[in-house]
Amino acid sequence: MPRPQYVAAIDQGTTSSRCMVFDQDGRIVSVAQREHRQIFPRPGWVEHDAAEIWEAVQGVVADAVTGSGIDFAQLVALGITNQRETTVLWDRHTGRPVANAIVWQDTRTDALVRSLSEHEELFRERAGLPLATYFAGPKIRWLLDETPGLRERAERGDVLFGTVDSWLIWRLTGRHVTDVTNASRTMLMNLRTLSWDDELLAALGVPRAMLPEIRPSAEVYGTADGGVPVAAALGDQQAALFGQTCFGPGETKSTYGSGSFLLMNTGTEPVASKHGLLTTVGYQIGEAPATYALEGSIAVTGSLVQWLRDNLGLISSAAEIETLAGTVEDNGGCYFVPAFSGLFAPHWRSDARGVIAGLTGFVTKGHIARAVLEATAWQTREVVDAMNADAGLALTSLRADGGMTANNLLMQILADVLAVPVVRPMVSETTCLGAAYAAGLATGYWPDTDSLRANWHKAAEWRPKIGQDVRDSEYRNWRKAIERSLDWSTP
Amino acid sequence: MGETIQSVERAAGILRLLASGPRELGVAELARAMGLPKGTLHGILRTLVHVGFVEQDAATGRYRLGGTLLHLGSSYLDVNELRTRSLNWADALAGRSRESVWIGTAHEGGVLVVHHVFRPDDSMQVLQVGTLLPAHATALGKVLLAYDPYGDAGAAFDAPSGTTPQATATATRGDEPAAEGLPAFTPRTITGADDLAKELELVRGRGWACDVEELVEGEVSIAAPIRDGRGVTVGAIGVRGAVERLADDGEPHITIVSYVRDAARAITRDLSR
Ligand SMILES: Nc1ncnc2c1ncn2[C@@H]1O[C@H](COP(=O)(O)OP(=O)(O)OP(=O)(O)O)[C@@H](O)[C@H]1O
Ligand SMILES: [Mg+2]
Numbered sequence: 005m006p007r008p009q010y011v012a013a014i015d016q017g018t019t020s021s022r023c024m025v026f027d028q029d030g031r032i033v034s035v036a037q038r039e040h041r042q043i044f045p046r047p048g049w050v051e052h053d054a055a056e057i058w059e060a061v062q063g064v065v066a067d068a069v070t071g072s073g074i075d076f077a078q079l080v081a082l083g084i085t086n087q088r089e090t091t092v093l094w095d096r097h098t099g100r101p102v103a104n105a106i107v108w109q110d111t112r113t114d115a116l117v118r119s120l121s122e123h124e125e126l127f128r129e130r131a132g133l134p135l136a137t138y139f140a141g142p143k144i145r146w147l148l149d150e151t152p153g154l155r156e157r158a159e160r161g162d163v164l165f166g167t168v169d170s171w172l173i174w175r176l177t178g179r180h181v182t183d184v185t186n187a188s189r190t191m192l193m194n195l196r197t198l199s200w201d202d203e204l205l206a207a208l209g210v211p212r213a214m215l216p217e218i219r220p221s222a223e224v225y226g227t228a229d230g231g232v233p234v235a236a237a238l239g240d241q242q243a244a245l246f247g248q249t250c251f252g253p254g255e256t257k258s259t260y261g262s263g264s265f266l267l268m269n270t271g272t273e274p275v276a277s278k279h280g281l282l283t284t285v286g287y288q289i290g291e292a293p294a295t296y297a298l299e300g301s302i303a304v305t306g307s308l309v310q311w312l313r314d315n316l317g318l319i320s321s322a323a324e325i326e327t328l329a330g331t332v333e334d335n336g337g338c339y340f341v342p343a344f345s346g347l348f349a350p351h352w353r354s355d356a357r358g359v360i361a362g363l364t365g366f367v368t369k370g371h372i373a374r375a376v377l378e379a380t381a382w383q384t385r386e387v388v389d390a391m392n393a394d395a396g397l398a399l400t401s402l403r404a405d406g407g408m409t410a411n412n413l414l415m416q417i418l419a420d421v422l423a424v425p426v427v428r429p430m431v432s433e434t435t436c437l438g439a440a441y442a443a444g445l446a447t448g449y450w451p452d453t454d455s456l457r458a459n460w461h462k463a464a465e466w467r468p469k470i471g472q473d474v475r476d477s478e479y480r481n482w483r484k485a486i487e488r489s490l491d492w493s494t495p
Numbered sequence: 005m006g007e008t009i010q011s012v013e014r015a016a017g018i019l020r021l022l023a024s025g026p027r028e029l030g031v032a033e034l035a036r037a038m039g040l041p042k043g044t045l046h047g048i049l050r051t052l053v054h055v056g057f058v059e060q061d062a063a064t065g066r067y068r069l070g071g072t073l074l075h076l077g078s079s080y081l082d083v084n085e086l087r088t089r090s091l092n093w094a095d096a097l098a099g100r101s102r103e104s105v106w107i108g109t110a111h112e113g114g115v116l117v118v119h120h121v122f123r124p125d126d127s128m129q130v131l132q133v134g135t136l137l138p139a140h141a142t143a144l145g146k147v148l149l150a151y152d153p154y155g156d157a158g159a160a161f162d163a164p165s166g167t168t169p170q171a172t173a174t175a176t177r178g179d180e181p182a183a184e185g186l187p188a189f190t191p192r193t194i195t196g197a198d199d200l201a202k203e204l205e206l207v208r209g210r211g212w213a214c215d216v217e218e219l220v221e222g223e224v225s226i227a228a229p230i231r232d233g234r235g236v237t238v239g240a241i242g243v244r245g246a247v248e249r250l251a252d253d254g255e256p257h258i259t260i261v262s263y264v265r266d267a268a269r270a271i272t273r274d275l276s277r
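These protein sequence lines are chains A and B, in that order. Take the first sequence: its position 282, counting from 1, is numbered 286 in this note's numbering, and each next residue is one higher. Take the second sequence: its position 145, counting from 1, is numbered 149 in this note's numbering, and each next residue is one higher.
Rather than coming from a laboratory, the hints here were simulated on the basis of the structure. Here the structure is a predicted model, which is why all the values come from computation and not from measurement. Warning: the hint list may mix true and false statements.
As the list claims (entries may be wrong) - In the SDA-like style, the derived pairs of lysine to any residue whose C-alpha atoms are separated by at most 25 Å in a straight line are:
hint	chain 1	residue 1	chain 2	residue 2
1	A	Lys-469	B	Gly-47
2	B	Lys-42	B	Ala-16
3	A	Lys-484	A	Arg-385
4	A	Lys-369	B	Ala-16
5	A	Lys-469	B	Lys-42
6	A	Lys-369	B	Gly-134
The shape of chain B in the complex, shown without the other chains:
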């Protein structure tokens, strides 16, 4: 065998240790287990965090395996598979709600649209599959952030600037980061970290999310989580439409919410078979 690279071997050792148990590990524990000085590990850990293979808990400072690493393995659900398995239920939701239906998955801090069903009024509409939507300003994105298995809500803040969707090309302020951090698309967009955290808490409490004119003025979106057989949220399904049809006084209609949740549950049931 030829020469091997010591730091790569050490990185692999760290990953093995983090994968070996359910607990998060601190630098001191890792250093002891590997028989190395803490200083040597710091650089490797920083690199692993940078590529997303390892995450550091903001509160305790301890380390765990990162979401990116897990997505490399079999836990990842092919987005084309998700669309194929969701097709019937997305159609039924569009029929019931009389609105367009969207399915999204988490992608680089934003929401990748993997399926789109036209609003059933036979008006001119354009397929938006492949579009990237901002997570913090859409119901799909809020669901994906709230149920991120690795609690990675911070990702919304790392989202590349290219997440401005076509749909908001007219939203004048879309590209200007607000003072607090997240870009505002309308005056109602949630831009503060604390506000977003509170909103995600609400989403987890209710089991669904909405955006009321937070991405586009006059539009509301409502979404619920799609889970796989292990209970991991692999996507979100929702509807988007005019505020007059979907909400009253800033609150989404509860019947539409129940249609969305029914569709999400039906797909979840299908995925766990």
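For reference, chain A alone in the conformation it holds in the complex:
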């Protein structure tokens, strides 16, 4: 009897790296996970050690594959998905990072980004992105400016840039490439031509010699040790869109991890947002035209739960927030705007910082826990409103995935706040699943996207329970709290 064949995916996330092995029905066969250090050298700075990440990735691949009795020969493909925008610069000759990676949440480029305001329209129009500290381009520029001698080495092509996908593919196969979805987060790629844009490069002062080659999201980039084809790369949110099988225009998903990201497939044409969303590449399978997406990015959701655990010690695990929030009936009048990295969509205010509003002597830690969960829901509401306004029609249900969907109370609050049913798919790890799907398509493990759609099933559903009057007055309070968070950080 032939041995079963599988597809593996690496999900290199903000807080941890995961490897999952899937079978042909898209079911999880094995999982391994390792955390890596979050380095906070100063307020607003967030760094990772790319070498440590590479170690962790090798570790989880070994654990998930050989550790569960699978032979590398049974793997038909390996897909990669990654935290986006996080910027790695490394020495082509030694293979060592030249500095800590600057993480997407990092706000050190605040002043730099302000100084680029004359190019705001160019970035919007050409790259589809607002001017924000979030994206990779300004992070590259910051490293080139701040590290003596680095610009010269980069111009000679001795120092290479990559988002995490590039870094991992380079380590795995020796090739310096990136995929279109990750490239669309740099502010350096032209959304229509899907290639590096000279004017954007000039505006940011980034030398072309250090950039990877832009490739489709699904194709064989090379082979890793053990002979496994490395056959896909997608930014984590795009991978989740793919894993939720949102292949048709209008199809939308929302993923709840460290941050939360609502993406809507808009078909083969980029659509510009009028309401604070950004335009990004959804995926590109082989030589087929790229599919675009509108995205509502929320910087802080699950990481606020972690902050409550690690920085305040109010809970000892993320899941306990549900238990703590369950000790009270409502938020007790308190609202938590977690603008730790400024506010992303739809506000794009890098001057905002976190606030807890509405405190009285009545408020307990239970109320704060509840406000933390509600913050995730209200931030989702804001991007859903923006998406509805851009699309000209209303979302009828929310497809939610990611680690936070284990929280039933959060899912109920989401349904209440959005006034639509919230649905969790059978695999909540859609990020990994999407990368596996893309790699499996590239290698013929799955014949087409229709065969993937057949794997999607509803695992749970939550329906709205609160009345419109409560919803409206709570939303008003939330917006007041948002107001209070603005204009806090001044350069």
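Keeping the supplied structure of chain A fixed, place chain B with the ligands upon it in accordance with the hints.
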């Protein structure tokens, strides 16, 4: 310091003694250790047993710390934590078995549903998290009774009458306690103490449990234990579905049983990391 209450101090002394060693203690031993007459201890012990802080062995009459007390401390696994850690494996089990998946923990003599994954056929289903199921008539409950760390199978008999699940609202006889003690939901429900004890022995022997039309006519459930790092059973995971799909001649399909046990083992492995 203000006035203290003598009997509370004595109760604390008893708990300390029972916690001090692995052995169960008799009244005489406790009385000697505390320098008090047996008669004084009886009332305190009866009260401690009543609140579940102390248990009395039915055979020897000796005392040990009760499950309720242990659940007060750190040994208790947060049910939301259990759900979070089980999510992936519950999904995979639903995918493999093509049935709905349920995770339950022991709660007031019944089974509290802490996680529920729909049957993957995209039919209309309603989330049942928070429902209380009767222990003796479900595979989840039998697992929890069989592996109760304190051998507290008797709890099924103390279960409050409110444990009738929504799912059995149509089971006509659900609220009528049968002559032997446990409520019957169908003609196949185990209602006798001896029969239940035998069934739990079987569960311990096999490492899994089933209910074949014991809660709802036409439905079968199969479950296996989830253990924590110390080997204590903290929950049970199982599937529930139509008898035609899950059983032949009253025996559950062995492939489904192996899927359930694989999922339970995967979660157990995860919890001990
Ligand atoms: N039960 C829960 N309730 C609330 N939040 C939770 C729960 N379980 C996990 N989380 C939060 O979800 C996040 C983990 O989810 P997930 O694993 O999808 O994120 P991630 O992929 O690690 O994020 P990233 O890719 O950004 O590293 C953490 O921020 C954690 O605080
Ligand atoms: Mg992630």
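How the hints compare with the structure:
no.: 1; hint: A:Lys-469 x B:Gly-47; in the structure: violated (49 Å)
no.: 2; hint: B:Lys-42 x B:Ala-16; in the structure: holds (16 Å)
no.: 3; hint: A:Lys-484 x A:Arg-385; in the structure: holds (15 Å)
no.: 4; hint: A:Lys-369 x B:Ala-16; in the structure: violated (30 Å)
no.: 5; hint: A:Lys-469 x B:Lys-42; in the structure: violated (57 Å)
no.: 6; hint: A:Lys-369 x B:Gly-134; in the structure: holds (23 Å)
Checked against the numbered hints above, the structure violates hints 1, 4 and 5; every other hint is satisfied.
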